[in-house]
Structures are given as structure tokens and as C-alpha cells.
Amino acid sequence: MALSHDVLVVGAGLAGMRAALAAQAAGADVAIVTKVYPVRSHSNAAQGGINAALNPEDSWESHAYDTVKGSDYLGDQDAIEILAREAPGAIVELERMGVVFNRDEHGRLGSRNFGGASHARTYFVGDFTGQAILHVLYEQLVKSGIRTYNEHFCSQLLADGGGAVAGVTAFDMRSGEVLQIGARAVVLCTGGIGRVFEPSTNALICTGDGSALAYRAGAPLMDMEMVQFHPTTLKSNGALISESARGEGGYLLNSEGERFMKKTAPNAMELASRDVVSRAAQIEINEGRGVDGCVLLDVRHLGAAKIMERLPQIRELGLEFAGADMITDPVPVLPGMHYQMGGIRTDVHGATPIAGLYAAGECACVSVHGGNRLGANSLLETVVFGRRAGAAAAEFASGRKAASLPESLRDDEERRLRTLVERPGTERTAALRLEMGTTMTRQVGVFRDEPTLRDAERKLALLRERFAGVSIGDKGRLFNQALVAALELDFMLDLARTVVAGAIARTESRGAHTRVDHPRRNDAEWLRHTLCHHTPDGPVVSTAPVTITQWEPTERKY
Amino acid sequence: MEVKLSVQRCHPDARPASWWQDYTVDVPEHATVLDALLAVRDDQDETLTLRCSCRSHICGSCTMRINGRSTLGCKTKLDAARARLREGEPIRIQPAGNMAVIKDLAVNLEGFFDKVKAVTPYLQPTGPEPEREYIVPNEAMLTVREAMACILCGACVSACNSLEAEPRFLGPAALAKAWRFTEDPRDGRDAERLEFLSSVPGGIWDCTHCFACVEVCPKDVRPMERILELRRRSMEAGFTDNNGSRHSQAFLDTISRSGRLDETRVAMRSVRGPSELLEWTPVGVKSFLRGKVPLRHKPIPGALRVKAIFAAAEAQGRRDSKRGAR
Ligand SMILES: Cc1cc2nc3c(=O)[nH]c(=O)nc-3n(C[C@H](O)[C@H](O)[C@H](O)COP(=O)(O)OP(=O)(O)OC[C@H]3O[C@@H](n4cnc5c(N)ncnc54)[C@H](O)[C@@H]3O)c2cc1C
Ligand code: SF4
Ligand code: SF4
Ligand code: FES
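Protein chains in written order, with this note's numbering: chain A, 1 to 558; chain B, 1 to 326.
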């Protein structure tokens with residue numbers, strides 16, 4: 001029997017679960033397809049917290065302004081206003097669902113400082129905020145009874161005759177069974193594209209599947225060149241040391257023991273925007289004032305008690321992967337790929353230009369982060385815009401008849417996957433993935449210029465050709481992870497090319513995108529979004545204006 | 001550095017029985033067991049199947065048994081895994097225990113999640129909705145957080161001794177989750193929760209306090225301690241009409257009386273009444289024939305002093321609970 005739902009959400013991270021709950025609340029029959037069990041989603045990794053102007057001394061305008069400024073004026077201000085206005089309600093709602101947020105001495109929600117913010121407006125659960133929220137949303141998902149297709153890999157978007165999205169194909173990774181699931185609306189919440197870079201702070205499942213699916217279906221990807229490099233990652237495996245280490249008062253030092261941030265951000269110091277701190281750290285390393293290719297993160301002055309109460313997990317990571325106990329030693333860190341500001345272009349209701357297709361969370365680009373995301377704004381985006389997208393998708397679904405798709409689409413997809421598994425070849429997925437990732441990190445990193453980007457473009461086009469020769473090392477049906485890895489690489493190769501195409505097109509420096517050959521921000525030409533369109537020959541770039549409501553662009557100083 | 005791994009493999013669609021396969025990989029000094037397995041999968045054998053995602057012990061995917069111990073592959077450094085091995089002996093990798101293998105290290109998790117779902121795992125406030133957030137002391141949140149640290153990795157379930165004998169046992173992870181709600185000042189359904197947990201087959205009384213879950217948990221959740229607390233609280237709440245709490249009461253009674261365990265008495269008093277006693281008669285007879293049911297129970301010398309210790313402990317307990325200490 002053909003499966004079908006009003007709203008189908010792809011992804012069960014924070015955005016996906018929030019969207020599904022909202023769609024159900026709006027009366028829709030909802031289901032979720034997710035390639036990992038919901039509690040395994042990458043939202044787990046968020047350590048630092050989630051932003052909201054909840055204190056009486058704070059205001060949503062201040063939160064919005066900080067976000068606009070942080071975005072280097074590339075964020076769309078209508079979306080940012082919504083984000084900041086809805087934040088307090090969203091946090092309170094999470095608390096009432098059961099999130100065990102830290103409290104102040106009066107038993108009310110207690111906040112901490114975070115980078116780029118003018119108030120202490122980051123709400124947190126120790127240093128595992130993401131996990132604590134993800135597990136509570138999972139509790140709500142259990143309560144809702146929403147059907148979840150766990151460990152099902154969504155491999156294709158299906159369209160009806162009129163070009164509107166009408167469902168997906170997905171396969172149960174465990175059994176290999178291919179399903180065709182019809183839907184009146186589909187919400188993509190598939191998370192970030194971190195694994196396009198090597199190393200990255202992102203989990204191994206962050207391969208941008210939904211972004212690539214939407215892109216191939218004709219939805220444009222916006223501002224893909226805006227990739228956030230987090231200033232404090234570990235050299236050995238790219239693991240993140242959360243901004244909360246600096247939020248609690250940690251210092252960044254060069255080999256001379258100097259707090260080098262005073263040169264670029266004398267006021268905000270270590271808590272300037274991430275793009276600013278990453279550039280400063282990379283300059284220290286490039287100019288020979290690093291320590292073994294790193295700078296030093298020092299929290300010793302906070303004392304053992306505070307470190308143990310507020311940063312226990314971070315200390316554990318330092319111990320394990322850098323061999324340094326933060327209580328007694330500084331930890332060597334360097335900038336590393338962390339977050340994708342760009343993504344599937346949506347309006348403030350999560351709608352993409354394709355009828356019936358919605359997106360929210362890290363895979364989407366509304367855009368609230370513009371050129372640079374502020375720490376703790378991304379968890380917020382997942383719940384605020386996840387809810388909006390879920391509700392909008394439910395409304396769209398209620399006004400539309402279910403498309404009757406031929407059931408042969410399932411068989412076609414099964415055949416396609418089978419052919420892929422059985423095709424001969426000499427290339428290996430892992431080797432191509434590594435080449436792609438290191439090319440991106442070396443040539444599309446913190447500092448960029450045209451010749452290097454052009455070279456990366458050539459290399460990626462070659463990798464795309466070589467992908468046709470990849471042979472899949474597991475020929476079975478059961479839990480074929482080699483097949484999954486190849487499909488993910490296929491997605492990532494498309495995405496890598498959009499990042500490079502955007503980076504070549506944007507001939508200015510703004511937010512996280514720093515062009516050594518175009519070192520200034522150029523508002524006259526580039527107060528615009530880049531849009532990448534899919535063609536058989538690779539991405540084609542156009543631009544679109546940025547929405548400005550009340551904050552005119554000025555120079556950013558921290 | 002070069003490491004040797006021996007992996008217990010299983011491909012039910014291709015081979016009827018599981019087998020051990022050895023691999024040698026070259027990985028960096030700081031690498032974990034997971035890194036080594038991924039190097040194998042990337043470069044040598046794409047059919048090797050295992051779940052993983054975060055590589056930083058937060059997603060709970062990579063649960064496996066390493067040299068027999070249930071743990072996370074990404075939390076186990078190769079150095080640590082090799083520490084107790086002989087020169088040249090490979091690190092032994094097996095799938096998690098107490099769950100059926102789907103393929104290699106990937107086990108079937110449906111039952112695991114079903115048990116989590118069985119404990120009504122969501123907040124059930126009963127009072128009036130507050131205008132904003134619930135006002136609760138930070139200490140209460142810190143306590144609840146000890147269990148929220150759980151990543152549902154199932155290492156505890158893999159190691160649990162009771163589960164081997166009683167597959168219905170809800171198990172350490174689900175019960176730690178249940179504890180989180182009874183401990184949360186915002187939840188209003190303690191009584192219902194405790195009643196369910198103490199009476200459902202496979203509930204809190206099926207734990208044998210073997211400590212395995214406490215020992216293996218990568219997040220220091222200490223599930224056994226939560227279970228013991230749930231038992232204490234459910235008895236306090238009056239849910240004593242079950243074999244578990246009768247057993248524990250009888251246990252205490254016989255020791256306080258004679259200074260040592262009176263197995264016969266404990267067994268007789270643990271069951272509900274004559275009819276249930278009849279059900280257990282065959283077991284009783286077998287035990288008797290094997291000499292496991294002493295007919296005469298002699299108190300130890302100084303049994304009176306034991307009684308005094310019990311009395312003192314009880315008095316202290318009463319004073320503590322008056323002060324509201326928990
Ligand atoms: C180390 C780290 C720390 C961070 N710290 C913070 C912080 O402190 N504050 C903050 O605000 N942000 C933080 N972020 C960013 C934030 O965590 C993420 O942006 C956010 O959690 C993304 O949530 P999401 O719901 O969009 O996606 P995810 O949580 O990544 O979920 C994606 C979902 O999509 C599913 N999926 C993907 N592809 C498929 C497919 N093909 N088929 C089926 N399902 C699929 C997956 O199964 C998964 O359920 C951090 C990020 C990292 C990497
Ligand atoms: S202490 Fe109880 S729950 Fe924990 S492993 Fe042993 S029997 Fe299982
Ligand atoms: S209690 Fe510990 S071992 Fe058990 S599932 Fe939770 S984190 Fe894993
Ligand atoms: S990979 Fe996430 S817990 Fe090991």
C-alpha cells in the first residue's frame with residue numbers, strides 16, 4: 001500500500017521535530033523521515049546555549065541589532081526581527097516542555113555572555129544545551145505519537161505534474177527496503193553541510209542531503225560562500241571547544257603570551273564576532289606567532305570549581321583530544337569549519353520557491369545569519385523557524401489535494417540504487433571525499449582569492465567526473481553504509497561547487513567571506529545575496545537584494 | 001601507529017554464522033577505537049558496518065563491546081584499549097549485548113527505544129500554567145540534569161545482567177529516564193509513575209544491583225542509584241503490594257531479627273499469598289532437595305547488637321526526613 005501523509009518532515013533534529021509538532025498542532029497528519037534516530041541528530045553537539053532577550057534590561061531590538069551587525073548587514077532584517085521577537089516565547093516554551101535550563105538565584109532562567117552580544121542573553125544547560133533540548137523535544141515527539149521513519153535515508157524528492165513537491169523516496173537503511181511516501185507538503189530540516197570540509201566540527205552525518213535535494217529540484221541555494229570558521233577547534237580531530245569557554249572569561253593567547261584580540265577588537269576582545277576572532281587567530285598563526293599551528297585558549301584563571309561546574313564537557317574534550325587539562329594548562333586551538341550560514345532560500349514562513357517545499361534549520365537560509373552567525377542564534381533559529389515552517393506546511397497541505405503519483409516511482413528509485421551499487425569502477429568514496437574536504441579547507445578557508453578559488457573549482461569539477469567511476473564496496477541490501485556514503489558524497493560534491501561559485505562571485509569581503517584580493521566590504525555592489533541555481537554544467541550564480549527595515553549598514557567595530 | 005583489531009562480524013543475509021575478522025590499521029597516536037574502525041571501513045573493507053556520527057561521545061551511536069566491556073568506540077582511546085593486552089594481541093570488538101545484531105556492530109534498537117517510550121517519558125505538569133517559566137531552584141535542575149546527561153547510548157543495557165535473564169526488564173536507561181521525571185519539581189505525576197514502575201512486569205524490582213550500568217555509563221548517569229531511589233520512593237509512597245518491596249522488607253526484617261539472612265522466610269514472604277506460594281512450590285522443592293533451604297534458622301551471636309544498629313539507623317532516618325534531607 002502506498003504511504004502518504006499531509007506533511008512529511010525530513011530530519012529529526014531540533015528544526016525537524018519542532019516543525020513536526022507545529023504541523024500536528026495545526027491539524028495535519030504528520031510523519032518524519034530521518035536517517036538517524038532523532039536523539040542522534042547533530043543538534044546534540046551544541047554546547048553553548050540559545051539566545052533570547054528575556055531580561056527586563058534587554059530588548060528584542062537590541063538582540064536584533066546585534067544579529068544584524070553580526071551578519072555584517074547581509075541578514076534579512078524582516079526575518080531577524082521575527083527571530084528576536086519570537087525568541088523569549090520560544091525559550092519559555094522549551095522550558096515548559098521540560099528543558100532543565102540553568103536558573104538564577106531566584107529560580108528564574110539564568111543567562112550567560114556569548115560572542116557578539118551586548119547583553120548576557122544566552123540561556124543554557126551546563127555545557128550540553130543542544131543535547132538537553134534535543135532530548136526534551138524527543139520526549140514531546142513520543143508524547144505526540146507522530147510516526148517516525150527512523151534510519152530511513154531520503155534519496156529523492158518527488159514532484160507532481162505541475163512541478164509541486166508531492167513526496168519523497170526513502171529507504172530503510174537496515175533492511176534496504178525502498179519506500180515511496182506521498183505528501184502534500186515536505187519540510188526539509190536536514191541540517192548543515194559540514195563534511196564538505198575536512199576537518200569540520202560537524203558530525204559525520206552532516207552532509208547537506210536536503211540542501212542538495214532541493215537544489216537539484218530547482219530551489220536556489222543562497223549565500224553558500226558564507227561558511228563560518230569557529231576560532232577554537234582542536235587540531236587533532238577538528239572537535240569544537242565551545243564559545244562558552246570565552247563567554248565564561250577565557251583568554252586567547254599567542255606564542256608570546258599576548259591577548260592578541262586587543263589588536264582587532266579592543267572592546268569585545270575574545271567575545272567579538274566569530275569571523276573577527278577567526279581571522280585574528282589565523283593571522284597570528286600565519287605570521288609565526290602561533291604554537292604548533294595553533295593559538296592558546298586559557299581558562300586557568302577561572303579556577304577549578306567554575307571550570308568543573310560550567311565547562312566539564314569541554315575540559316573532558318581537551319583532556320582526551322589535546323592531552324591538556326584546562327584547569328592547569330592552556331589548550332591549543334585553531335579556526336575550523338563549523339557552520340553554514342547559507343542554504344535553501346526560504347521566506348519567513350519557511351517556503352521555498354517550489355510549491356509544497358519548505359525548509360528550516362541549518363539547511364535553510366531565511367536569512368537571519370547573513371555573513372556571520374552569532375553564537376547561540378542557530379538553536380534559536382531551529383525552533384523559531386522550525387515552528388513557522390511546520391505551521392505553514394500544514395496550512396499549505398490543507399488547501400491541496402494529495403497528488404496521485406504513479407507507484408512505479410518507487411521501483412525506478414530501487415533500480416537506480418541497485419545500478420549504483422552494482423556499477424563497476426576503480427574509484428573509492430573515502431578517497432574522493434578526503435580530496436574534496438582538504439581542497440575546501442586549504443583553498444576555500446578563512447582567507448580566499450580568485451586564482452585559488454578557480455583552482456578549487458577545477459579540482460571539484462574533476463572530482464565530479466571521477467565520481468562516475470566510484471565503485472561501492474558493499475553489494476548487499478542489508479545496512480549498506482557504503483551506498484549511503486556514496487549518495488552523501490554525491491550530494492556534497494554538488495554543494496562544494498556552490499560554495500566555491502558563491503565565493504568566486506562575491507568580489508568583496510563581508511562576514512566570514514574574506515577575499516584577500518577584495519579586502520573591503522562593498523555595499524554599493526554587494527549588499528546582495530548570491531543565489532546558486534543548478535544546471536547540468538554546474539552552478540549558475542545570480543543575486544537578490546537584502547531586506548533592510550530599520551538598520552542602515554555601517555562599519556562593524558567590536 | 002599500527003593497531004590490530006579483531007571484529008566479530010555478522011552478515012545474516014550472506015553467511016549463516018558470525019565470524020571473527022582481523023584487521024591491521026595505521027592511525028595517529030591520539031586515535032580512538034572508532035577512528036580505527038572508520039579507517040578500516042574507509043580504506044580496507046566497506047562492508048564493515050557500524051553506527052557513528054558525532055565522534056565526541058554525545059550522539060550515543062557508537063556503542064559496542066571493546067575487550068568485552070560495553071562502551072563507546074569514540075570514547076575509548078586505542079592506548080587505553082590496548083593497555084591490558086599482551087604484546088601483539090588484537091583489540092576485540094563486538095556488537096552491544098542484549099540486543100539482536102542486524103549486521104556487524106549494528107544492533108536492533110527498536111526494543112531499546114520502546115522501553116524508553118514505555119515510561120511515559122515526558123513532563124506531565126498538573127498545576128496551573130505559570131505566566132512565564134516555572135520558578136524552580138537551580139539545585140533541583142542540577143539534580144535532574146544528572147539523568148538528562150544520558151545520551152541513550154544503551155551501553156548500560158548492553159552490560160545489564162538482569163536483562164539477560166528477564167528480557168522484559170525496562171532496563172537501566174529507561175528507568176534513569178523515569179527517575180528524571182519523579183525528580184523534576186515541575187512534574188505532577190509522581191504517584192502514577194511510581195505505581196507503574198513498581199508494579200509493571202520488568203519494573204524497578206527486577207534490577208539485581210550488579211553495578212554494571214554504573215560502571216560502564218559514559219555519562220556518569222549511575223542508573224542503578226536512580227533505580228534504588230525509585231524503589232525507596234515507591235515504598236514510601238505506599239506501593240508495597242509487589243514481590244520486590246515485600247522481598248526487600250522481608251530481607252531487612254530477617255536480618256534485623258537474627259543478624260543474617262533467613263532465605264526460607266524471605267522467599268515465603270516475597271510472594272503475595274497462598275496461591276502465588278503454590279506457584280513457586282516446585283522451585284521451593286527443588287531448592288530443598290539441593291540443600292538450599294535450611295530448616296532451622298539460627299541467629300548469629302550478638303544478634304541483639306544488630307537489632308540496636310537497625311533501631312539507631314531508623315531513628316536517624318526519621319530525623320533526616322523531618323529535616324527534609326534527601
Ligand atoms: C559542535 C557544534 C556546536 C554548536 N553549538 C551551538 C550553540 O551553542 N548554539 C547554537 O545556537 N548553535 C550551535 N551549533 C549549531 C547548531 O547546533 C546547529 O545549527 C543546529 O542544531 C542544526 O539543527 P537542525 O535541526 O537544522 O539539524 P540537525 O540537528 O543536524 O538535524 C538534521 C536531521 O536531518 C536528518 N537527515 C539529514 N539527511 C537526511 C536524509 N538524507 N534522509 C533522512 N534524514 C536526513 C538527520 O537524521 C537529522 O535528524 C553548534 C554546532 C556544532 C557543530
Ligand atoms: S545494576 Fe541493575 S540495572 Fe544496572 S546493570 Fe545491574 S541489574 Fe541492570
Ligand atoms: S544511562 Fe549511561 S550508559 Fe545508559 S544509555 Fe544513558 S548514557 Fe548510555
Ligand atoms: S560517535 Fe557519537 S557517541 Fe560515539
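Derived by calculation from the structure, the hints in this document are not laboratory data. Just so we're clear, the structure is a prediction, and the values are computed from it rather than from any experiment. Here a beta-carbon is modelled for each residue, glycine too, at the ideal position from N, C-alpha and C. Careful, some of the hints might be misleading.
[Claimed, not checked] Covered stretches of chain B, going by a simulated chain A footprint (3 or more residues, C-beta under 8 Å): (1) 57-69; (2) 256-265; (3) 302-312.
[To be verified] Mimicking DSS-like on lysine-lysine, the simulated pairs with C-alpha atoms at most 30 Å apart in a straight line are: (4) A/K143 with B/K117; (5) A/K235 with A/K263; (6) B/K117 with A/K475; (7) B/K4 with A/K235; (8) A/K262 with A/K306; (9) A/K263 with A/K557; (10) A/K262 with A/K475; (11) A/K306 with B/K77; (12) A/K235 with B/K77.
Hint check:
1. Restraint check on the segment 57-69 of chain B versus chain A: 4 residues with Cβ-Cβ distances below 8 Å, three needed, restraint holds.
2. For the segment 256-265 of chain B, the stated coverage by chain A is not satisfied: 0 residues place a CB nearer than 8 Å to a CB of that chain, which falls below the threshold of 3.
3. Judged by the Cβ-Cβ criterion of 8 Å, the segment 302-312 of chain B is not covered by chain A as claimed, because only 0 of its residues qualify and three are needed.
4. In summary, the hint linking A/K143 to B/K117 is supported, as the alpha carbons are separated by about 9 Å, within the 30 Å threshold.
5. Restraint check for A/K235 and A/K263: satisfied, since their Cα atoms lie roughly 24 Å apart, inside the 30 Å limit.
6. Proximity of B/K117 to A/K475 is assessed by CA-CA distance (about 35 Å); at most 30 Å being required, the pair is judged violated.
7. For the hint pairing B/K4 with A/K235, the CA-to-CA distance comes to about 25 Å; that is within 30 Å, so the pair holds.
8. Between A/K262 and A/K306 the alpha-carbon distance is near 25 Å, which keeps this suggested pair within the 30 Å criterion.
9. Restraint check for A/K263 and A/K557: satisfied, since their Cα atoms lie roughly 12 Å apart, inside the 30 Å limit.
10. Under the criterion of a C-alpha separation no larger than 30 Å, the hint pairing A/K262 with A/K475 is inconsistent with the structure, at around 57 Å.
11. Distance check on the hinted pair: A/K306 and B/K77 sit about 27 Å apart at the alpha-carbon level, within 30 Å; holds.
12. Note on A/K235 and B/K77: the hinted pairing holds, with a Cα-Cα distance of about 16 Å set against a maximum of 30 Å.
In summary, the structure is inconsistent with hints 2, 3, 6 and 10 from the numbered list given earlier, while agreeing with the others.
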